[in-house]
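Participant: Chain by chain, the residues run as shown.
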Amino acid sequence: MTATETRSVVVEREIPHPPEKIWRALTQPHLIEEWLMKNDFKPVVGHTFNLRGDWGGVLDCEVLAVEPNKTLSYTWNFSHDDAAYNLSSVVTFTLTPTRTGTHLRMEQSGFRPDQRQAYGGAKAGWQQFFARLDELLAKPE
Amino acid sequence: MPNAHDVLFRTLADPTRRAIFERLCHEGEQTVGALQVRAKVSQPAVSKHLGVLKRAGLVRDRHEGRQTHYSAQLGALAPLIDWTSQMAGFWQGRFDHLEDLLKRMDQ
Chain D
1 MTATETRSVV VEREIPHPPE KIWRALTQPH LIEEWLMKND FKPVVGHTFN
51 LRGDWGGVLD CEVLAVEPNK TLSYTWNFSH DDAAYNLSSV VTFTLTPTRT
101 GTHLRMEQSG FRPDQRQAYG GAKAGWQQFF ARLDELLAKP E
Chain E
1 MPNAHDVLFR TLADPTRRAI FERLCHEGEQ TVGALQVRAK VSQPAVSKHL
51 GVLKRAGLVR DRHEGRQTHY SAQLGALAPL IDWTSQMAGF WQGRFDHLED
101 LLKRMDQ
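Top to bottom, those sequences are chains D and E.
6 is the number that my numbering gives to position 6 of the first sequence; each next residue is one higher, with no gaps.
68 is the number that my numbering gives to position 68 of the second sequence; each next residue is one higher, with no gaps.
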């Protein structure tokens, strides 16, 4: 793993609605609440806000980029007493018009450098762990 | 330094040790004596398993008088949690909600 490498999650979906309408759902607090979480969002770069989950967790966020109907980006940070659960990431929504609606892409990226060690090995995912499990179980302690 | 996953898997590979860890996860803090009764092995054997769990960071001990209480440290399992697949599942679910919302916005 190189020093500059970060892990990210990308979720993409074709949505049969125009970008302008999806943009409203992404940027109006009462609509954001309906699909994501309670919030005090404003589509203004530099605005800090919280997303409040049903489970009681609170995410600390700051708007990084606003390009109406095209791009929205904000930080998505979670602090936990146990550093292993801390999360420092950036969420970016990209809207691209298509003939039938919109291609919506969400990318969530980033770990703080000090998290790489804790999560480093998780990069390969469960499959590799299980593939190695038999081998490990055969080793004496 | 051994890989964190190797240590965790090796530590939890032993069924007796895993049972002790699972009991601490489900039932909270317990003494060696209480664990020994349930584990159906000798107290030195339970203590040895707890030592291995402790070295792997999976349990923490707390001394109170002559008793030592052990508790599970779930944070030690963090390296096994695949952060990306959890978040991908989260966003897929949220996008389902988003699509439902967009349909309602038509009306």
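Among the hints, erroneous ones may be present.
Using C-beta positions, here's what the derived DEER-type ranges look like [as the list claims (entries may be wrong)]: (1) E:104 / D:52: 19 to 27 Å; (2) E:96 / D:70: 39 to 47 Å; (3) E:47 / D:30: 32 to 40 Å; (4) E:90 / D:97: 56 to 64 Å; (5) D:30 / E:51: 49 to 57 Å; (6) E:104 / D:12: 17 to 25 Å; (7) E:61 / D:12: 45 to 53 Å; (8) E:25 / D:44: 40 to 48 Å.
Note that these hints are calculated values from the structure, not bench results.
Beta carbons are placed, not taken as given, at the ideal position from N, Cα and C, and that holds for glycine.
Participant: Out of the numbered hints, which ones does the structure contradict?
Facilitator: 2, 3, 4
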